[in-house]
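Engineer: Chain by chain, the residues run as shown.
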Amino acid sequence: MSSTTDTWVASPPDSEALASTRGDQDLPETVVLIGNPNVGKSVIFGRLTGRYVTVSNYPGTTVTVTRGRGRVAGRSIEFIDTPGVNSLVPMSEDEKVTRDILLDQTGAAVVQVADAKNLRRSLLVTSQLAEMGLPFVLNLNMNDEAQNLGVSIDHHALAEAIDVPVTRTVAVRKKGFGDLKKSLSQGRPSRFQVGYPVPVEEAIEAMIPLLPETAVSKRGLAVQMLSGDPTIESRIAQAVGAASVRRLAAIRNTAKRRLGATPSTAINRARLRAVDALLTTVEKRPARRPGSVLDTFGSLAMHPVWGIPVLLGVLWLVYQFVGVFGAGTLVDLLESRFFAEIVSPWAIRGVDVLCAFPHEHLLEDGIVLPDYRTVSTLSTGQEALRLIHDFLVGPYGQVTMALSYAIALILPIVATFFIAFGILEDSGYLPRLAVMVNRGFRSVGLNGKAVLPMVLGLGCDTMATLTARILETRKERIIVTLLLALGVPCSAQLGVILGMIRSLSLGATLVWAGTVFLTLIAVGWLASKLVRGESSDFILELPPIRRPQISNILVKTLARIEWYMREAVPLFLLGTFVLFLLDRFRLLGAIETAAAPFVQGVLGLPASASEAFLIGFLRRDYGAAGLYNMSREGLLDPVQLVVAMVTITLFVPCIANFFIMIKERGIKTAFAMVAVIVPLAFLVGGALNLGLRALGVTF
Amino acid sequence: MNQSCPVCAGRLSERASGCATCPMSSGCGMMCCENCGYQTVPPRSATVDFVKKLLRRFRHDPS
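Which chain is which? The protein sequence lines are Y and V, in order.
At position 31 of the first sequence the residue is numbered 31 (the numbering used here), and the sequence of numbers has no breaks.
At position 42 of the second sequence the residue is numbered 42 (the numbering used here), and the sequence of numbers has no breaks.
Please note that the accuracy of each hint is not assured.
Claimed, not checked - With a Cα cut of at most 25 Å, we get these calculated DMTMM-like pairs of lysine to aspartate or glutamate: (1) Y:Lys-256 to Y:Asp-179; (2) Y:Lys-174 to Y:Glu-201; (3) Y:Lys-256 to Y:Glu-205; (4) V:Lys-52 to Y:Glu-562; (5) V:Lys-52 to Y:Glu-664; (6) Y:Lys-663 to Y:Glu-93; (7) V:Lys-53 to Y:Glu-562; (8) Y:Lys-475 to Y:Glu-664; (9) Y:Lys-218 to Y:Glu-145.
Claimed, not checked - For the chain V half of the interface with chain Y, some residues (derived, Cβ under 10 Å), not all of them: (10) Ser-4; (11) Cys-5; (12) Pro-6; (13) Val-7; (14) Cys-33; (15) Tyr-38; (16) Pro-43; (17) Arg-44; (18) Ser-45; (19) Thr-47; (20) Leu-54; (21) Leu-55; (22) His-60.
Said to hold, decoys possible - Pair by pair, the computed Cβ-Cβ distance ranges are: (23) Y:Gly-313 to V:Phe-50: 33 to 39 Å; (24) Y:Ser-336 to V:Val-51: 39 to 45 Å; (25) V:Phe-50 to Y:Ala-594: 46 to 52 Å; (26) Y:Glu-633 to V:Phe-50: 52 to 58 Å; (27) V:His-60 to Y:Ser-379: 47 to 53 Å; (28) Y:Ser-336 to V:Arg-57: 35 to 41 Å; (29) V:Phe-50 to Y:Asp-179: 47 to 53 Å; (30) Y:His-361 to V:Val-51: 57 to 63 Å.
No wet-lab data here; the hints were simulated from the structure.
Note that the structure is predicted; figures quoted are calculated from it, not measured.
Quick reminder that beta carbons are idealized off the backbone N, C-alpha and C, glycines included.
Could you build all of it, start to finish, from the sequences and the hints given here?
Structural biologist: Structure below.
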């Protein structure tokens, strides 16, 4: 296949003539299969081809494209299985590859595979194929599943409405392939066209004379340009020159001014309206059962007003499970009983035997503590043994601190949180939360897919920062990265915070949540004013609300715990080793002394809180665990606890997140963000401390 | 175990573009949604596999 721009700027094929003259003897040499994800494209590809296929990366990408040859009416035809798309205005590398194949594959027949159960999603792509003027056939797959769900599609009416052949298959049962093969020679451009608002239509008319002749229609190109697709702009620039592209951009800006919104918003809305209007004439769905508890919950969860109490209710349940049961009952059992009374004393005694030097451990209620005092002057050899002893079971020991924090303190919390998060995932609540939150995000210059990384950040900020690449504009990507790093606690940290909340009153909890929320809103709003760019739209296909399966939740939770242990424990060991070295070289005390004016003076916390913030640079949840431990030992009063929680919540998530920020946003932007986040965290914490003290709040 | 995206019901894949280009993907094994980019841990558990293996062995050799 050719994928060069030269091929793309070839003369378009006369599709009408092509369609009218093609018969079984005039089959295309190449057939491109396209469609949404999960519509059975690959099964159809497998049935049409055979065992021998070629899987290769699309040039210049990591996206794989599968090709194979199959026989139709005695002729050998090449079939191309493309990555799944939800739009031909690409939002991801996968979608760009599919769009580029359509642009480059001049003269090929296109078969759009649709999921008959979910025709609406597929017709959005159909409308784009129609707009591009490409000859194609629409194949409705999974007809049996649609029928089982009571969905009936009048495929004759659909074929008439869009004026292209519509075939039906049940690919997994090899049904309908005769008709599909026959239709390959009958693909033609569809007359299903979407009408746009006047400013968009006038912009399309103004753009058409400036656009090059290509395999796709100029109207289709104009709509892609208006949708703000930068990849199509660069291709057009190569064909018509930079001056024409500047004029095209000016036309787009004029349309945007006249619309008062991005043209892509108007285009998507018009497309959805057109598809919905078509659906009413060709599809019949069974009436929804009124009053179903799950359906009612799903509707309420998305509602702009009722969604808030639903969210608060969900948070309360999560808190009861994670904060009260996980951080209370389970941590008491593991940390206070198992680790403090059995594991640590056993490890200390064992290391004392192996690394003997004259010392006595302190005791508390008859239990051996890591702290000790030497009973005589140590020789050089004994000093070496003491070093190994301290490294393993000293106050900053790998067993007594790192493993104790990781396994006894945080593991029960994250395990319960992973169970709760798994239930939320499998229930279908998360996309509804995204829809509800979307409205609030608009106020900070964010909308659309920006919600997804923010929700995902509750799982892992590092991965969420990577997900920010799905956002259309640089502005959105920067704001989301900043907000994720600043104030979206990851699962581990959220779990620890829920544990800390346990010892707070409702008022103190609201002060913590309110301060973090207001800081996020203020920084997001400010960032949206400072970082130039456009906002994008939000189209999300909602999965149904369903009852989670216990076996699925358990396997997911175990998989997540294993992943967490692999990812977090090495950093806990490293962080503890850093503290051990700093303590050994008497730098820890120096750091605490240097930070005292700020940690003690401004934040009003004990000097030892510096250690928590220090290891917080490695992982925010590790720092939070340090503060949690201080609160459990009664070293923090409620005001100090709230101030500590606000400061650590607004901290940089972890060292891995920082590296990803550098990779995704560039070293300058990443350092600029950290330079904003760290002082801001202390500033907000300090202001809160001073404010609460001045007001005489004690909680 | 097949898993669809909990956010948009798209297909989760360890080869989706988001994961493939991640500098931390080596040994990570996270799955990405091909549709919306949501990332999650694959529903595979070494603990569950280990227990299943033990149970299978026990069933075949109860003595």
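Engineer: Taking the numbered hints from earlier one at a time, note which ones the structure violates and give those numbers from smallest to largest.
Structural biologist: 1, 2, 5, 9, 20, 21, 22, 24, 26, 27 and 30
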